[in-house]
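Colleague: Residue numbers (the numbering used here), protein chains in the order written: chain B, 120 to 408; chain F, 52 to 378.
Treat the hints as calculated values from the structure; they're not laboratory data. Don't be surprised by glycine CBs; every beta carbon is placed ideally from N, CA and C. Among the hints, erroneous ones may be present.
Claimed, not checked - Some chain F residues close to chain B (C-beta under 10 Å, calculated; not the full set): (1) L80; (2) S145; (3) L149; (4) V356.
As the list claims (entries may be wrong) - Chain F residues, not near chain B, derived (Cβ > 10 Å throughout): (5) E109; (6) V195; (7) G232; (8) S353.
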Amino acid sequence: MHVKILRDLRRNRWFLTGLSLIGFFFVLAMIGPSLAPFDPQDFSFNPLSPPAFKHLLGVNDGGQDIFSELLYSLRNTVLFGLLSGSAALVIGVLIGAFSGWLGGFPDAVFMRLADILLAIPAIMILIIVAAVFRPSPSVLALILAFMTWPTISKAIRAQTLGLKESLHVKAAVQMGGGNWHIIRRHLLPEMFPLYLIGFAAKTRMAMFMEASLAFLGLFDPGRKSLGMMISYALKYYYLDIWWNWLLPPILCLSFVIMAITFVAISLENVLDPRLKEGSLKETVMEKTL
Amino acid sequence: MDAVPRKPKPRWLLGVVSFLAAALVMIYLSYALPRILPGDFVTAAYAGSHVTLTAEQEASLQSLYSQDTGFGSYLLRLVTLDWGYSHAFLAPVSELFLGALPWTLLLLGTANLIAMSAGFVTGVEAAWRHGTRTEKGLIAGATVLEGIPEICTGVVLLFIFALKLQWFPAAGAETAYAEGGLFTRVIDVLHHLALPLCTLILAYLPGNFLLTRNSMMMVMKAPYMVTARAKGVPPRRVRYVHAARNALLPVVTRFGLRLAFMITGALVVERINSYPGLGTLLFNAIQSRDLPVIQAVVLFSSLIVLAVILSMEGLYRMIDPRIRHAR
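If we strip away everything but chain B, and leave its shape as in the complex, we get (with noise of 0.2 Å):
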């Protein structure tokens, strides 16, 4: 069953293009601060100055290298992402395995637990945390994370009571093995290319969120962001510097959540037999912040 997802996978062009394209933003957000020829906290430039063969893409209204400024806010967006998803991808893949597992009390605990932050908008926390206590990004990532694993869980509960109902679980049952035997030599790996739908989905959300808090302002305003970038640039529409300033930001967010987009959505497309319901709700939840 897997070996034939993988091979759906490698012909899909939206899959193969998507992936491609994270493999270099990923890259480029690993190994950014080594290309970056100055320091994005250096003052020392003549402000505004258009671009040349020194400053790439020009300096900014504080004299700083846009260029190396934006490889910085690549890699601070991508990593809230990349932090923000695999926290939620742990905690609701565990959640979701466990309470379709175990069912009953537990399982009635978390899905209620589940339902109530389904309705707390996730942003409206973030925000007002962002705003009253400035924590550090890591701790806005997880905060996230922890608003964004119920439909997670949801969808590999939805997964897990399918699959207690198959013979070679029941067997597994049969032969003596305990909850967590189970749920980490069969349940985990028979859903895997599951998980990958909610983490992309996710870490979308992560980073467009954390674009959107940039924006508004409410990072450190030392800390480079996608975001910020943006909204610094706005304010000097009034002189030629959108091509070199306003518009790279928006190329560099845009393309990386395009590329998770592709991912997602062929992966949603590839995998969408086996999981009717799971999928759809994923699609409907990804987007509502």
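Chain F: place on chain B using the hints.
Modeller: Coordinates of chain F only, in the frame set by chain B:
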């Protein structure tokens, strides 16, 4: 949602009770959370000024501005629309809130309606033309659009059409102190609405389209579709009455959730276009630590989400007889 019932009890009752409980929890949170936040209106108001308050001056100012009450009376005041007084905006909270609400409703309601109906129709038609070049082109376009965040579309549209070409106003919901008849006013409001509306439609449309198309693909494989065609039902009727009705469920879900999260959904777009809706109100309130306003906006939006999710359960039953007769 899909808990296995042991007794044939009315399921909707269970739903209503658990949602009422969730609503109560949220009201309590909205009451308790802001009280544990550090910093209040007094701190925020004097933080930037050169005046240094002594401890007793600060205490007396705080007691002047605070509207602290017990949870019981908080609940009572909530129901009677007496939400306190905003010292940052110098107006009653309910007045501020009700002043911003129509703009958000107008913006989000129109955007969602247009995006949903357009996405639904194109989705149905694309699925119907499965395998053709039109379908593939539409899907490719929608997938790319889906990947562009609204912060980018918003800024690009604002930059091109408002700042460079100056076809549309860059801020506000209507021209201030404008005089004129009803007709000119409507035109003026629409003129201001155009940019944020387009941004939101571009953000919502591709998702609706892809969802409709996917769920149509599933429906079209069903045997009753063959039956309908064999009976000689006209194609358009097959498409919209037989197929599309069954593909409607996920689209309605999405529509409901979008409406439910309307305040947050428009937050960024309202800020980009300086549209005076609830999102902008919330943002300004947070900047000035205006507790009563933050409370009202957060609570109201959470209650809307709950109400919409609850009523969607009922709506499913109306749309899909399979759910109505299940179990």
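Colleague: Classify the label on S353 (chain F) as holds or violated, using whether its beta-carbon is more than 10 Å from each beta-carbon of chain B.
Modeller: 6 Å, violated
Colleague: Please check whether L149 (chain F) passes as an interface residue: C-beta within 10 Å of a C-beta belonging to chain B.
Modeller: For L149 (chain F), the interface hint is violated, since the closest Cβ of chain B sits about 19 Å away, which is over 10 Å.
Colleague: Beyond 10 Å from chain B, beta-carbon-wise, is G232 (chain F)?
Modeller: Holds, since 34 Å exceeds 10 Å.
Colleague: Holds or violated: the hint that L80 (chain F) contacts chain B, with Cβ atoms closer than 10 Å.
Modeller: Constraint on L80 (chain F) satisfied, holds at 8 Å.
Colleague: Please verify that hint: S145 (chain F), Cβ, nearest Cβ of chain B, below 10 Å or not.
Modeller: 19 Å, violated
Colleague: E109 (chain F) clear of chain B by more than 10 Å, beta carbon to beta carbon?
Modeller: 19 Å, holds
Colleague: Under the criterion of a CB-CB separation shorter than 10 Å, is V356 (chain F) in contact with chain B as hinted?
Modeller: 4 Å, holds
Colleague: Verify that the Cβ of V195 (chain F) lies farther than 10 Å from every Cβ atom of chain B, and report whether the claim holds or is violated.
Modeller: Its Cβ does come within 10 Å of chain B, the nearest being 7 Å, so this is violated.
When held up to the earlier numbered hints, the structure conflicts with 2, 3, 6 and 8 and fits the remainder.
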